[in-house]
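Trainee: Now for the letters of each chain:
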Amino acid sequence: MAKSPQEEHPQKAFGWAARDPSGILSPFHFSRRENSPDDVTVRVLFCGVCHTDLHSIKNDWGFTKYPIIPGHEFTGIVTKLGKNVKKFKLGDKVGVGVMVGSCRSCESCKQGLENYCPKMMFAYNSIYHDGTKNYGGYSNMVVVDQHFVLRFPDNLPLAAGAPLLCAGITVYSPMKYYGMTQAGKHLGVSGLGGLGHVAVKIGKAFGLKVTVISASPNKKDDAIKRLGSDAFLLSTDPAKMKAALGTMDYIIDTVAAVHPLGPLLGLLKVNGKLITLGLPEKPLDLPIFPLVLGRKLVGGSNIGSMKETQEMLEFCAKHNITADIEMIRMDYINTAMERLAKSDVRYRFVIDVAGSLSE
Amino acid sequence: MAKSPEEEHPTKAFGWAATDPSGALSPFKFSRRATGEKDVRFKVLYCGICHSDLHMVKNEWGSSTYPLVPGHEIVGIVTEVGSKVEKFKVGDKVGVGCMVGACHSCDSCADDLENYCPKIILTYGATYYDGTTTHGGYSDVMIAEERYVVRFPDNLPLDAGAPLLCAGITVYSPLQHFGFTKPGMHIGVVGLGGLGHVAVKFAKAFGVKVTVISTSPSKKKEATEHLGADSFLVSRDPDQMQAAMGTMDGIIDTVSAVHPLFPLIGLLKSHGKLVMVGAPDRPLELPIFPLLMGRKIVAGSCIGGMKETQEMIDFAGKHNITADVEVISIDYVNTAMERLRKADVRYRFVIDIGNTLKAA
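Chain order of the listed sequences is A and B. Residue numbers 93 to 451, in our numbering, belong to the letters of the first sequence in order. Residue numbers 9 to 368, in our numbering, belong to the letters of the second sequence in order.
Mixed in with the good hints, there may be bad ones.
What the hints assert, rightly or not - If you want a taste of the chain B side facing chain A, the calculated C-beta under 10 Å gives, among others: (1) Leu121; (2) Asn123; (3) Ile129; (4) Ser181; (5) Gly274; (6) Ser278; (7) Met284; (8) Asp289; (9) Glu293; (10) Pro298; (11) Leu300; (12) Ala307.
Said to hold, decoys possible - Pairwise CB distance ranges (calculated): (13) B:His267 to A:Pro330: 28 to 36 Å; (14) A:Leu337 to B:Ser224: 37 to 45 Å; (15) B:Glu293 to A:Pro249: 36 to 44 Å; (16) B:Lys11 to A:Thr273: 52 to 60 Å; (17) B:His112 to A:Gly354: 24 to 32 Å; (18) A:Ile219 to B:His267: 50 to 58 Å; (19) A:Ile316 to B:Lys11: 52 to 60 Å; (20) B:Asp352 to A:Ile219: 49 to 57 Å; (21) B:Asp119 to A:Glu199: 30 to 38 Å; (22) B:Glu233 to A:Leu337: 42 to 50 Å; (23) B:Pro225 to A:Ser96: 33 to 41 Å; (24) B:Lys11 to A:Asp322: 47 to 55 Å.
Calculated from the structure, these hints are not laboratory results. The model shown is predicted, which means the values in this text are computed figures rather than measured ones. Ideal Cβ positions, reconstructed from N, Cα and C, are used throughout, including at glycine.
Work the whole structure out from these sequences, hints included.
Mentor: Set out below in structure tokens:
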């Protein structure tokens, strides 16, 4: 008979989990594996609340296995080292993002692109090498293979830096892969949420001209005055959209809801690139004529490799880029999820795990 | 009052035109401009029938004006050149494809990508710099500015080479631009028609492994034995498609009918690219998860610039690549259009203009 979450592993752990598609999170006792020679134990200090956490607890994508502890943007302190661990020492400030394992032998892994490994293991709702379920960062401690742990640069704050571990790398990786780093080029950022607001900051740090594209007129001030965007384009204003046709070299589309791609494709110059990062529940409609007539492309991207994620953290530390966060206590999480569903957050909730998670 | 097509320009011309959206073509007297200083005039010997011609004569894209003389795979022999023409002389074998003008001042034109110029002037059914309508190659004489004329190598037959001017460049350009030319790569070609069969030939010449993906099992022998494809995949066979998942570096999709992208995206390896060269007239469903999880791309491509069109013709000459054609007389053109609609041709009709188009 399968062991209970509490008995499965030797090290006791505690967190908040969802047990059914209502998505309501509540206290949950479970356990973590003993540290293998390559494992590091992280005492969690902060954990970002990603929109994926919300999709997962409500089983929006249909593959959630309950109970589920979300959380894949967590930072903390190293408290235990497996005997082969050389990269870290006790007390180091570290972070763990979306991946905690991969096969380490496929073409993608050999090229250092663990994020494209077909057997990539997620921080939560995923099965580890030992056949047990992974539980995420809404918990007091996590045991992770050192390969998947990131060093946090000294000047990067652990709370405001935590969302970089998913939101940050999710925009940084495609911006590099698709060549969005030539100063002076024009980047459109569609959607101003967790991903979008970090994309604006990173885009400006790359020297790009940035336009935020949004359906919410009340985000204009934030976009320009708070985040440093050069312009704001209201997607529901036909005259403004028409005036902006063929003006952008690339667009990062962070919108998770189902939405039309045609208007965004129209904003691109010839050879323009539309990178879709949001994960809608249904396929999107793709008009083909605009792609053909302008040699445009729609591309995807999935987080980033471990090497890239470390590079992104160093880049953000150098340019003082962090997320704009609202710190919350663990017991506020269900309210936070309701607000997140309405995009009512500027722009990421971060749970003060160490300061508020108590059994 | 607007001049009639016969009086519009100083030199007489004769061709076949569609006069209404029935698309039926019939003899048509019109005229061509005098040879300007940058113009190349040539006697048309052959003209390929592109599926776009069929769409246009029937006004399926809503942009057609009548009378319409189609034809943008035009080859022939130079009869006159303007005073500033440097690259061509009388007697040269030449061709004209899908475009005859552009703005020459935008970024695309500066990059030799006239095909992406927002002011591109198409070979037929468009408005030329002088305000007159452009007429295509189902006619006895053609005239175009030097920039839009390509030289045919001596060893390339004009009849089988004509379709390269549209079908050829339409697949050659993306094969190059998206990097599907490294030996050892595995490239898929969806659809085995005018575009698809030429794509297989070019891709094999680049040294890549080619799989033809088609809904018709009957095309397998053609694909592998005649065209040289390495393998053939029936897209409606779930087992075959499953076995081929994640095996292709790139796919050129030539199909214009609405069709599902999800299975094609599944055939791509991670970081693979699906390039659309057919243009379905309705949006296709784009599944986002597989695009993200494999960092895959869906892109489009439209013919090619003039520089690369010449490059493509030279490449075809070097590798003896021509289209598989059925040469027809001009009188057969309406029947040919009906057969084309049913994809009943291996793989391009080419009108023998030189021998069969005679003014009444």
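Trainee: Take the hints in turn and mark each one as holding or not.
Mentor: These are the hints, each one checked on the structure:
1. Leu121: OK, holds: Leu121 of chain B within 10 Å of chain A, min 7 Å.
2. Asn123: Result: holds, 9 Å to nearest chain A Cβ.
3. Ile129: 15 Å, violated
4. Ser181: Holds. Min distance 9 Å.
5. Gly274: Since chain A brings no Cβ nearer than about 12 Å to Gly274 of chain B, farther than 10 Å, the hint is violated.
6. Ser278: 4 Å, holds
7. Met284: 5 Å, holds
8. Asp289: 8 Å, holds
9. Glu293: It holds, given that the least Cβ distance between Glu293 of chain B and chain A is near 4 Å, below 10 Å.
10. Pro298: 8 Å, holds
11. Leu300: 4 Å, holds
12. Ala307: 4 Å, holds
13. B:His267 to A:Pro330: 28 to 36 Å: For His267 of chain B and Pro330 of chain A the Cβ distance comes to about 31 Å; the hint holds.
14. A:Leu337 to B:Ser224: 37 to 45 Å: 40 Å, holds
15. B:Glu293 to A:Pro249: 36 to 44 Å: 42 Å, holds
16. B:Lys11 to A:Thr273: 52 to 60 Å: 55 Å, holds
17. B:His112 to A:Gly354: 24 to 32 Å: 29 Å, holds
18. A:Ile219 to B:His267: 50 to 58 Å: Violated, at about 35 Å.
19. A:Ile316 to B:Lys11: 52 to 60 Å: 55 Å, holds
20. B:Asp352 to A:Ile219: 49 to 57 Å: 53 Å, holds
21. B:Asp119 to A:Glu199: 30 to 38 Å: 34 Å, holds
22. B:Glu233 to A:Leu337: 42 to 50 Å: The hint (42 to 50 Å, Cβ to Cβ) holds, given that Glu233 of chain B and Leu337 of chain A are roughly 48 Å apart.
23. B:Pro225 to A:Ser96: 33 to 41 Å: Distance hint for Pro225 of chain B, Ser96 of chain A is violated at roughly 54 Å.
24. B:Lys11 to A:Asp322: 47 to 55 Å: Given about 51 Å between the Cβ atoms, the range holds.
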